[in-house]
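Student: Now for the letters of each chain:
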Amino acid sequence: MFSNLDNIRPALKALVSALREDYPYASVLAVEDAWRRWSISRQGVNIDASGFGGGSGYVVRVFDGTGCAEYSFNQFSPQRVPEIKAVIAGRLAEQNKALGGIDPLPTPIPPDEPALLREHCEYKLDPRELGDEAIIDKLGSIREKALALDERIMEAQLGMAHRAYRKIFISGNRDLDETYMWTTCSLAMMVARGQELKYAYQGFSNLGGAEVLDQVEGGLESVAKTALDLLDSEPIPPGEYECVCDPDTTGMIVHEAFGHGVEMDMFVKDRALGREYIDKYVASELVTMHDGSTVDEAATMAFDDEGTLTGDTVIIDKGVLKTGMCDALSAARLGVKPTGNGRRESYERKAYTRMTNTYFEAGEHTMDEMISSIKYGFLLQQPSSGMEDPKNWGIQCMVTIAREIKDGKLTGKVFSPIVLTGYVPDLLKSVTMMGRDMELAGGGFCGKGYKEWVKVSDGGPCMKARIRLG
Amino acid sequence: MIDRIKSALSDCGIGLWRINDNTEESAELFFVKKQLDTRRFKDVRKFRVTVFRDVEKEGKALRGFTSVTLLESMSGEQLREELKNAYYAAQFAANPTYELPDPVQSPTIETAGELFEAPLAESAGRMAKALFSADNQSDAFINSAEVFVIRCRRHILSSEGTDVSYTDGKVTGEFVAQCREPEDVEIHNIFTYDMLDTESLIKKVREALSFVRDRARAKRILKSGKYDVVLSGDQAATVLSYYMSRSAAHMIYPGYSTWKAGDAVQGENISGETLDIDLCATEPCSEEGIFMSDLPLIRKGELLAIHGNNRFCRYLGIEPTGQYRMLKCLNGMTPFEELKAGPCLWAVTFSDFQMDAMSGHFGGEIRLAYLIDGDSVTPVTGGSINGSILEAQGNLQFSLERYDSANYSGPYAVRINGVNAAGTEG
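Sequences listed follow chains A and B, in order. Numbering-wise, the first sequence is residues 2 to 471 according to our numbering. Numbering-wise, the second sequence is residues 14 to 439 according to our numbering.
Simulated from the structure, these hints should not be mistaken for laboratory data. Be aware that one or more of the hints could be misleading.
[As the list claims (entries may be wrong)] With the C-beta cut set under 7 Å, the calculated list includes, among others, these residues of chain A facing chain B:
1. Ser18
2. Gly45
3. Val46
4. Tyr72
5. Glu95
6. Gln96
7. Ala99
8. Lys270
9. Leu335
10. Val337
11. Gln397
12. Thr422
13. Met439
14. Glu440
[Stated by the list, open to error] Partial list, computed: chain B residues near chain A (C-beta under 8 Å):
15. Ile203
16. Leu308
17. Arg312
Computed from a predicted structure; not experimentally measured. Heads up, the beta-carbon is just placed ideally off N, CA and C, and yes, glycines get one too.
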């Protein structure tokens, strides 16, 4: 798979060598990408193979006297090496002239320690072997079962997306090569209450192939129940409540409320409160948080988009903030080691500090134990969106459904939609129980602000905490 | 390359197709405070080829399509392989048949203006300098910023005879405004212009710096309850986007929206302003090769038109309009000062304000709002609002003052009564 990159690897090395004649640092990241998405709904059947993000292409990074610069392109051949070198020189000269009077941010050139790596992930069933027909048939048959569950279900949307990619990173001292694939499935059901459409959703994901499709049918009953329960939902009386978060909601809190705040490019910009809390308690002692590629999920990779090898970063250790996640440029500016979190939406975009697989460690309780410990509160399920606030650690997360708990039991009453607000450390310090089973979900993408979408997974166990809901 | 693709299509026996040849170049600048972080440049060209395949199933005529991206570096064999795979897949993506867009031809439509004439690096430098020209106070300042200057050349061809090309471009980016005292806070801002609009950017920076000063002294004192809420700028645009979404053919054909032309989509009992909304063409033609023009959408609360891409419009038996990205609201009869007079909560910035077109719910966490009661104006932060356009749409009031962005032109503010807020206390 992806043999094109084998053919041009010598030319990529030649490009880096040619650039190093003029620049103290030069590297190239080459990406070859195969992507396909299948979906079926009332809108019809759709198969799209037109590419994920930018698709296949190249990004060169150099350092000149001003600092870091990058050039993204998707036409390359051995013959184009001199031309690309000239384009970079010309564009840099033009830009530097236009920026006269603006000072550069001092940035040491990140170390380029020697590394040689060839890595790939395991999978059971390549979607290309399964074939478009079988995938559409399977999605269609699950959809029919979903619609047959209850006549009030007016729509069931089924989807599967698959990306296989190969990345080669070459610098003066590094030659890295990885081939990975992830596959995700989605199951959504809709019910109508007049003009208002309510929907319930479940995602499925893996680091691997179409074998994930086998999990989807198992979600039919719970998604249908949630959708139908939403028909009787009402707005929640605002207030602070004892809550049980399901693993997906825990994952959203891990990712949105805390994870973004310890992306260390935010430390460089003085945008993250987390910088002042290193080695301080930010959470209950029950909370230990990780980010990295030592688990197998959709965001697992061997090296990041700046050629830094990945690993496991312990962000919070028993309630104490130990470190953040860091890309190579930010690490150079802060004088710390990069953690393998320099990621790009595609070769067309800048690398930022980004999360990968981010999660809380499991504890020792069951969800039933948590529910039975609550006099009045809610079980929060199905997170729908969230937004970071690294500067002030404010929470904005939305979940679709809050199930009422009274005297240790679910009453059957549901509220929707729900906005979670408050101060992140207050929430994390209020954690009194952690579930014993950890789950990761990699169905979604993460943005930086409102753009730069990268594949991530997040999760944890179910979790009991005190949360402000509205 | 176009000839190579056409030849490969012919070799594969593919008779129905569309080619979207998109070339994009950019200059991108990234700043921390006023210092240059990174410079980036981009030159990419992609050929998105959509192949259509007619099949018959149980006596019914069906048409499927699949799209694939081709690159100039691909060999003839690779082009044929990609197209063959796409054509094979298209038979399994078969839906009720429909006519492809009518063929259109046009000489290249060149967009005029500095953005298209000056070197990209020079334009990026000008926008960056404009951004920082308004950053001249010590208490509130730009923490970090990104500027993207992008130019595109688009060429659309189809087996039906369409051959259209045009240029477009934009200046887009974001900046974070910060104020350290009395509380260290920030507000995230995004901008998009279709020209080198340095004046609008300077105005936006000034306004953002003013807001962030207020956020720094804002108190977490919002009490839970119902408020008359004033939403302004991008939030007003987001609320109105509900009407654009619900009137789209891809929402109506599957029954997600039950709207049809002639419906009183704002409801029957309207005590506020009746809506007048247009959709605006922001490019000469859609990616399917449909020439686009401005479309009157709603007048006096009544839906005039359905809009959308070719397939869903054909299914609904209406002329395809292409997919719109810009909404223009013609309402606005109350001066802003009057609109926010009387007890209300003017919510200025949110962490992420959202409108769910399926449910009609809108809301978000408040970064800065003003509690206004007569002459008393108190900046507040924290808490959230959670409203329903279905409940609120009968009593909307709009400001006389206007607000323009790349996707919206309309009143600067809308007042919505009786919106639930979750406070930071009580």
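Student: Which numbered hints are broken by the structure, listed smallest first?
Tutor: When the structure is compared with the hints, numbers 1, 9, 10, 13, 14, 16 and 17 turn out to be violated.
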